[in-house]
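Take a look at the letters that make up each chain.
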Amino acid sequence: MRIYADNAATTKMSRTAIDAMLPYLETVYGNPSSLHTVGQEAKEALEDARTRIAALLGAAPREIYFTSGGSEADNQAIRSAAILGKRKGKTHIISTAFEHHAVLHTLKKLEKEGFTVTYLDVHENGLVTPEQVEAAITPETCLVTIMYANNEIGTIQPIRAIGAVCRKAGVLFHTDAVQAVGHIPVNVAEDNIDMLSLSAHKFHGPKGIGVLYAKRGIILSSLIEGGAQERNKRAGTENIPAIMGMAAAMEEAVRSLPETMPRVTALRDRLIAGLNEIPHGALNGDAKNRLPGNVNFCFEGIEGESLLLLLDDRGVCASSGSACTSGSLDPSHVLLAIGRPHEVAHGSLRLTLDASATEAEVDAIIAAVQEVVEYLRNMSPVWRELMNGERKFVID
Amino acid sequence: MALYSEKVMDHFRNPRNVGVIENADGVGEVGNAKCGDIMKIYLKIDDDTISDVKFETFGCGSAIASSSMATELIKGKPVSEALKLTNQAVTEALDGLPAHKLHCSVLAEEAIKAAMKDYYDRHGIAYDESQFPAEHDCESCEV
Chain A
1 MRIYADNAAT TKMSRTAIDA MLPYLETVYG NPSSLHTVGQ EAKEALEDAR TRIAALLGAA
61 PREIYFTSGG SEADNQAIRS AAILGKRKGK THIISTAFEH HAVLHTLKKL EKEGFTVTYL
121 DVHENGLVTP EQVEAAITPE TCLVTIMYAN NEIGTIQPIR AIGAVCRKAG VLFHTDAVQA
181 VGHIPVNVAE DNIDMLSLSA HKFHGPKGIG VLYAKRGIIL SSLIEGGAQE RNKRAGTENI
241 PAIMGMAAAM EEAVRSLPET MPRVTALRDR LIAGLNEIPH GALNGDAKNR LPGNVNFCFE
301 GIEGESLLLL LDDRGVCASS GSACTSGSLD PSHVLLAIGR PHEVAHGSLR LTLDASATEA
361 EVDAIIAAVQ EVVEYLRNMS PVWRELMNGE RKFVID
Chain B
1 MALYSEKVMD HFRNPRNVGV IENADGVGEV GNAKCGDIMK IYLKIDDDTI SDVKFETFGC
61 GSAIASSSMA TELIKGKPVS EALKLTNQAV TEALDGLPAH KLHCSVLAEE AIKAAMKDYY
121 DRHGIAYDES QFPAEHDCES CEV
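For the protein sequence lines, the chains are A and B, in the order given. Count the first sequence with the numbering used here and you get residues 1 to 396, in order. Count the second sequence with the numbering used here and you get residues 1 to 143, in order.
In isolation and in its complexed conformation, chain A is listed as follows (with noise of 0.2 Å):
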């Protein structure tokens, strides 16, 4: 048995990505720039992917920008508003203490650059609110970047509040989509999202390819040179097969989710009952405003590494916020930003559902998880100090 719980890392790809992906790999294998019927083949798929992917976010073709994945689309996204900002003197930016670290690098780069940038608490609940993005908008700031939902706790932000507050100070925003896009309804223009970062192979499409959705008026910088695709945003032959294999992904993603979101979330809350169970641990997040498939939880007295080994001996796949999982020597900065101690966030463990989990499945995960925990807790001086009472509890 192997239960795959770490779809925030990965997915699957879908049948129905793989489908779509093959006439390009077979068939339909030209150079979208070519003049001759192979490339202009290729050209037409190019821009029927664009045109449906517009119309899942509530874009206009234009405003989409193919990218190799996630982590370009940010580093271009928060490039571009900079260059965008310094010109006009403005050198702010605002974001979160939890974002993805291709955001966060980018900006400590950005930092070193001469910018000032704000980083709002998140609070114990992973969540900011609209009232600290607007308290922190000064008359320099150039942008705003704050993710969708947190790729470990799963928490999801008030986008589109976020989103108002920067519309009516005349601020550019960006949110990092990249847990949201195929697991909750996203639309750019309801949501007042000015650029926007998605990844295919977390909505079961392929690596190595998403998109930059950038407002029409936004003028994007390049961070690759070279030939005029992308509107000369972005350098390189165009890779058809995986846009294809996105486009097919993300419609058949977003299209079933009337369907698959109340039944992943009711999964998610039985694994999270489940977990409850076992004492001192709790759940990491606002337990109503994430993600479907997003579970992740703390148990004191245990390291996170060996708690995912022996899971993964029993066939269970998921990851942790711990420093040993990372070769980083801190844990997770998303445990940290809300407020676990260290001791605390070493011992954390994400499980991630996809829409293909069963009730079998997350009991499964919970009879192992509840095994494990134990175990590794009889074993610890760590829980020894703290039932003896010699180390007081953080979660009660």
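To be clear, the hints were calculated from the coordinates, so they are not data collected in a lab. Please note: incorrect hints may appear among the correct ones.
Claimed, not checked - Okay, the calculated beta carbon distance ranges per label pair:
| # | chain 1 | residue 1 | chain 2 | residue 2 | range |
| --- | --- | --- | --- | --- | --- |
| 1 | B | Glu6 | A | Leu22 | 16 to 24 Å |
| 2 | A | Arg314 | B | Asp95 | 50 to 58 Å |
| 3 | B | Gln88 | A | Ser33 | 55 to 63 Å |
| 4 | A | Thr358 | B | Gln131 | 57 to 65 Å |
| 5 | A | Ala367 | B | Thr86 | 50 to 58 Å |
| 6 | B | Ala99 | A | Lys112 | 42 to 50 Å |
| 7 | B | Asp95 | A | His105 | 48 to 56 Å |
| 8 | A | Gly208 | B | Glu129 | 34 to 42 Å |
| 9 | A | Ala287 | B | Glu129 | 38 to 46 Å |
| 10 | B | Glu6 | A | Thr51 | 32 to 40 Å |
To be verified - Covered stretches of chain A, going by a simulated chain B footprint (3 or more residues, C-beta under 8 Å):
| # | segment |
| --- | --- |
| 11 | 107-113 |
| 12 | 208-215 |
| 13 | 291-299 |
Predicted, not measured: the structure shown is a model, and the values here were computed from it. Glycine residues also receive a C-beta, built at the ideal position from the N, C-alpha and C atoms.
Go by the hints and put chain B onto chain A.
For chain B alone, coordinates are given in the frame of chain A:
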């Protein structure tokens, strides 16, 4: 390639000498929960020989495997020999550790030595301080 060697996974999945020794002759604890690993070693010493050893570990797979292997390497050995345990010996016995996990073997060595020192201190046995270098600073995580 897997993250860990078969040996590491074996000692992680089936750790030897897990537990506590009541009325131990020496107890050593090293590490920091903030850094994500703590090891605690319990020694029973009879006739200058490590007659029993147990460990408790809070940490990653390699921390648990390093603790397990370190206890195996000293169990039944004369105290003088156990004192010569090095982190390299633990790492080699585990068929290697990933570079960023080597500190787990260092912790295992330090935990064993801390327990030995505790044994000497408790029993009023004179020893050469230089055998027990100060526990290394946990500079890897400045918390």
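Structure-based check of each hint:
no., hint, verdict
1, B:Glu6 x A:Leu22: 16 to 24 Å, "violated (39 Å)"
2, A:Arg314 x B:Asp95: 50 to 58 Å, "violated (24 Å)"
3, B:Gln88 x A:Ser33: 55 to 63 Å, "holds (58 Å)"
4, A:Thr358 x B:Gln131: 57 to 65 Å, "holds (58 Å)"
5, A:Ala367 x B:Thr86: 50 to 58 Å, "violated (41 Å)"
6, B:Ala99 x A:Lys112: 42 to 50 Å, "violated (28 Å)"
7, B:Asp95 x A:His105: 48 to 56 Å, "violated (35 Å)"
8, A:Gly208 x B:Glu129: 34 to 42 Å, "violated (58 Å)"
9, A:Ala287 x B:Glu129: 38 to 46 Å, "violated (54 Å)"
10, B:Glu6 x A:Thr51: 32 to 40 Å, "violated (53 Å)"
11, 107-113, "violated (count 0)"
12, 208-215, "violated (count 0)"
13, 291-299, "violated (count 0)"
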